[in-house]
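S.K.: Below, each chain spelled out in residue letters.
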Amino acid sequence: MTTVTVVADGTVHAVSGAVRDDAVWLRSDAVPTVTGWSLKPEGLCRDDVCIPRAALGADAIAGSGADEAVELRALAGALQRAVAVEPAAALAVLADAPADLAGSIVEGRAPAFTLPDLDGAPVALADFAGRKKLLFAWSSW
Amino acid sequence: MLIDRDHAWAERYGVINVPTTIWVDEDDRIVRPPAIAPGDDKFIEFVGFSAEPHHAALRAWVRDGVAPMADAEIRARRSAPDARLQEARAERRLAMHLLRAGATDLGHAHLDRALALAPDDWTIQRGSLPVRGKDPFGQDFFDFYQRWEAAGRPGYEG
Numbered sequence: 001m002t003t004v005t006v007v008a009d010g011t012v013h014a015v016s017g018a019v020r021d022d023a024v025w026l027r028s029d030a031v032p033t034v035t036g037w038s039l040k041p042e043g044l045c046r047d048d049v050c051i052p053r054a055a056l057g058a059d060a061i062a063g064s065g066a067d068e069a070v071e072l073r074a075l076a077g078a079l080q081r082a083v084a085v086e087p088a089a090a091l092a093v094l095a096d097a098p099a100d101l102a103g104s105i106v107e108g109r110a111p112a113f114t115l116p117d118l119d120g121a122p123v124a125l126a127d128f129a130g131r132k133k134l135l136f137a138w139s140s141w
Numbered sequence: 142m143l144i145d146r147d148h149a150w151a152e153r154y155g156v157i158n159v160p161t162t163i164w165v166d167e168d169d170r171i172v173r174p175p176a177i178a179p180g181d182d183k184f185i186e187f188v189g190f191s192a193e194p195h196h197a198a199l200r201a202w203v204r205d206g207v208a209p210m211a212d213a214e215i216r217a218r219r220s221a222p223d224a225r226l227q228e229a230r231a232e233r234r235l236a237m238h239l240l241r242a243g244a245t246d247l248g249h250a251h252l253d254r255a256l257a258l259a260p261d262d263w264t265i266q267r268g269s270l271p272v273r274g275k276d277p278f279g280q281d282f283f284d285f286y287q288r289w290e291a292a293g294r295p296g297y298e299g
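Chains as they are written, first to last, in my numbering: chain A, 1 to 141; chain B, 142 to 299.
Chain B with its partners taken away, still in its complex shape:
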């Protein structure tokens, strides 16, 4: 278990929600780009699909070398990072440095900028709720969830 405190890994791999899996082969090629992949069906009502097809594909890949996706599908899912999202990530990272240093007002001002720049990024929106004194399972989260769902679940790929 590794800790990505500054979201550096998430940024590098284009992860904007969890639980997300990425499959990497023996030659360090990404054979399954970032995708939502729950470990079980506990939250299937929210996730919208069962975990079992993912598990079956994973077993086939590990045991028999069955590629989970065609190259064309992998290419279709690749995209260069969005400049606005990159700015949001920089603002979030700056905010966290300021908050850890005790510069509360400055930190929250930069966090607000990050939130405005990345309205659909769960790692920034939901991830910031605790440092904003809000419950990540509370009404603020469900308000965000409803906005995100009404917008068509942007960035959500299973």
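Looking at chain A on its own, in the form it has when it is part of the complex:
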């Protein structure tokens, strides 16, 4: 095992994994850190929900015990998340889960966010709770 880097939900995770056959693999104990889901004997689980291991594909899980690893594209596919992978840099990016995005956008709730201001201080939507908010996006190009 080596260190692979996965960017997910705005965080850069350096976790235990491997690059094999032009694919990035995560050691199973790194899966919760990166995705919030855990790889258990019954499947890929979060809270009361489990996705059967078979949904990941026959070749997506290798090894056993402490050396068990899961291939990242298969993992992302099972979670319905887009992923971009660069094996040469042992680096990958997971997009936000569409289901989570849809939960906010389709239901009409403003998704929570925290972004830095020009001085680097974090500012959150929640800082303006109970007030009307106009979010205005532009670009310096």
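Honestly, I wouldn't trust all of these hints.
Only part of the chain A face toward chain B is listed, based on derived beta-carbon distances under 7 Å [stated by the list, open to error]: (1) W37; (2) A82; (3) V93; (4) A110; (5) L115; (6) D117; (7) L135; (8) F136; (9) A137; (10) S140.
By construction, these hints were calculated from the structure, which means they are not laboratory data. Every residue, glycine too, gets a C-beta built ideally from N, C-alpha and C.
On the provided structure of chain A, position chain B as indicated by the hints.
M.R.: The following block gives chain B in isolation, referenced to the frame of chain A:
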């Protein structure tokens, strides 16, 4: 003023162009989904409509609580994120990480994938021009603009 370096906010709110506004009420409900809303009429020739109706609606909402849209119109504008666009955003984000780390060739290869996956997304198309060594106000931008306009201004809602 907040910085969305990785386009994480834009992704979460479904923003694909600027200037875009989103109105959020006291209960964190979106009462006006992402829409083009210029601050003034400086670029009205390109934007295609005046800023004043937006300003008037904004004043009415803030001062008098007048809802800018009917619930049915808000619902009609909502849509779950497109899987292809999500992939493009992941490729763009990966490209920017690689470019910042000095992996230029790998970074540009992933940026090219993002551009191919999201031909109508301004945040990816125009937003990538500077890192590709191109002028965001130059011929490459106007070529993109003409393609986008000829395609019927996809994704453009005022």
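S.K.: Please go over all the hints and tell whether each is borne out by the structure.
M.R.: Evaluated hints:
1. W37: violated, 18 Å
2. A82: holds, 4 Å
3. V93: Holds, about 4 Å.
4. A110: holds, 4 Å
5. L115: holds, 4 Å
6. D117: Holds - the Cβ of D117(A) comes within 7 Å of chain B, reaching about 6 Å at its closest.
7. L135: holds, 4 Å
8. F136: Holds, because the Cβ-Cβ distance from F136(A) to chain B comes to roughly 5 Å (cut-off 7 Å).
9. A137: This interface hint holds because 5 Å falls under the 7 Å limit.
10. S140: violated, 9 Å
In summary, the numbered hints that this structure violates are 1 and 10.
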